[in-house]
Amino acid sequence: MTTRREFLVLACGAASLTAATPVGAQIDPNQAALRKAALQEALRKVTGDAQVRRGKVKLDLPPLVDNGNAVPLAVTVESPMTSADHVKAIHVFTEKNPLPDVVSVYLGPRAGRAGISTRIRIADTQTVTAIAQLSDGSFWSDSADVVVTLSACLEEGLI
Amino acid sequence: MARAIVSMPAQARRGEVIGIKTLAAHPMETGFRRTQFGELIPRDIIRRFVCTYNGVEVFRVDLHPAVAANPLIAFTTVATESGTIVFQWVGDNGFAVTETAPIRVE
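Sequence order for the protein chains is A and B.
Take the first sequence: its letters are residues 36 to 194, numbered as in our numbering.
Take the second sequence: its letters are residues 3 to 108, numbered as in our numbering.
These aren't lab readings, by the way, just hints derived from the structure by calculation.
Just so it is clear, CB atoms sit at the ideal spot from N, CA and C, and this is done for glycine as well.
Careful: at least some of the hints might be erroneous.
As the list claims (entries may be wrong) - Partial chain A-side listing against chain B, Cβ under 10 Å, derived:
| id | residue |
| --- | --- |
| 1 | L74 |
| 2 | L78 |
| 3 | R79 |
| 4 | K80 |
| 5 | A105 |
| 6 | A109 |
| 7 | D136 |
| 8 | V140 |
| 9 | P144 |
| 10 | L169 |
| 11 | G172 |
| 12 | V182 |
| 13 | T184 |
| 14 | L185 |
Okay, chain B solo, but in the shape it has when bound (with noise of 0.2 Å):
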């Protein structure tokens, strides 16, 4: 149950604001909800999600429970130079998921 969609533009001019929707499919279990038995369900969450553009980090969450399930991330990033943007997701019990995007800048 990894996977994640990115929605952003292929191609752009340089130095123009591109719009990134991201968006991971996970549970995000809070770790505050109970079985129908009193257990508590353990914390399950995707604690960070990391954008970063040819290497260098752009933008970066810090995710905690309260954060809904499948969690969508929409931000804004700079189009600098042709590459690739990379998107990872880190979360509680070995979660990681990468993605990346090309982008062509004129």
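Chain A extracted, bound-state conformation (with noise of 0.2 Å):
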């Protein structure tokens, strides 16, 4: 039989092993590394072997966010938008996030201006891209580095 203290001792052993886990918003490099990998598959899957060249997208984000969960999100890029020479897509992607797509967005000149405004999850301290793909099939991106003080889906970042 389990006399209480034995369960005690048991039971804080338990707590002490789960509390034992590290701590911190920090992702591992090990999953940093496959977050990486995953973020150039997207970016593969979405540009295939176009050359993706600065400028003509602004992506607008807040550099220090005190809250991961909802930051601010703005994409506007540069374009006539007319049915010659249009934004077809524009594609957001994180670094460090668990999965690499944020938003994907398809317009085209019945869209007036290219852009769109949303608020999206931010995980850890990281670089967030936009691309924009217009009609002739050229690819235009621009990035933007956010600081994190509180990151969403943390539970993630621990494992």
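Dock chain one against chain two, each of which comes alone in its own frame, and use the hints as you go.
Following this line, the structure appears as structure tokens:
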């Protein structure tokens, strides 16, 4: 029979074991490498082998974020938005979130202006990238660095 | 808990670019969080948002778990003719919400 003392010792041991897992918002290096690979894969899926140039796209994100659970994001692309020259798609990717994809927007000349505003989750201090696909098949991008004090999906970061 | 708000002008001049703001009530559960017992909470997100103007698709968004809860989507469209603009949100567990808004174009 388990005495009260033995039970308490066991219970404390179990509690300290669970508490002993590393604590901190930083993702461990292996996880970071996996996520980088996932990002490359996601980028390849969108752009294929096409070259991505910087410019035309403007990614608006606050540089310092208190709460990563709802970060205002705005992407605008310079484009006349005519049927001959318009933005076909805008994709947003993160470097260290559990999944690289954030949003994919599909639009055309009927949108009038190429842009979207939304709110996203950011898991860790990282770089966010927006890529726009134009009607002529070219890709343009912009990146923004975000510092996060309180991360979204912290639980995943601890694994 | 299926509700959405759309904010846009009721009338516009022909060819004017109008701003549309939409907000859907949805928890956007990522599928990466755990309960206090360590079990994964299953994913429950809105996967797609589509805006159609008199039957023509003008704007579409694919959402992923990295979109915040109660997703706000703000975008623009050209006011071409009077009619209705339909907004549709489709997600996991059969989530489907449709909102319509009339627009008068002069």
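Q.
Just to be careful: measuring from the Cβ of A:L78 to every Cβ in chain B, is the smallest value less than 10 Å?
A. Nearest chain B Cβ about 14 Å off; hint violated.
(Q) Quick check on the hint: A:K80 CB to chain B CB, less than 10 Å? (A) With Cβ-Cβ at 12 Å, over 10 Å, it is violated.
Q | Interface hint compliance - A:V140 to chain B, C-beta minimum distance less than 10 Å | A | holds, 5 Å
Q: Verify the interface restraint on A:V182: the C-beta must sit less than 10 Å from at least one C-beta of chain B.
A: Violated, because the Cβ-Cβ distance from A:V182 to chain B comes to roughly 17 Å (cut-off 10 Å).
(Q) Tell me if the interface restraint on A:R79 is satisfied: Cβ within less than 10 Å of some Cβ in chain B. (A) This hint is violated: A:R79 lies away from chain B, its Cβ roughly 17 Å from the closest one there, beyond 10 Å.
Q: Closer than 10 Å between Cβ atoms is the bar; does A:L185 clear it against chain B? Give me holds or violated.
A: violated, 13 Å
**Q.** chain B contact restraint for A:D136 - C-beta distance below 10 Å
**A.** Result: holds, 4 Å to nearest chain B Cβ.
Q. With a cut-off of 10 Å, does the beta carbon of A:T184 approach a beta carbon of chain B closely enough for the hint to hold?
A. violated, 16 Å
Q: Answer holds if the nearest beta-carbon of chain B is closer than 10 Å to that of A:L169; otherwise answer violated.
A: Where the cut-off is 10 Å and the nearest Cβ of chain B is about 17 Å from A:L169, the hint is violated.
Q. For the hint on A:A105, does the least C-beta distance to chain B fall short of 10 Å?
A. Holds, because the Cβ-Cβ distance from A:A105 to chain B comes to roughly 4 Å (cut-off 10 Å).
Q. Any CB of chain B closer than 10 Å to the CB of A:L74?
A. violated, 12 Å
**Q.** Proposed interface contact between A:A109 and chain B, which counts if any beta carbon pair is under 10 Å
**A.** holds, 8 Å
Hints 1, 2, 3, 4, 10, 11, 12, 13 and 14 from the earlier list are contradicted by this structure; the remaining hints agree with it.
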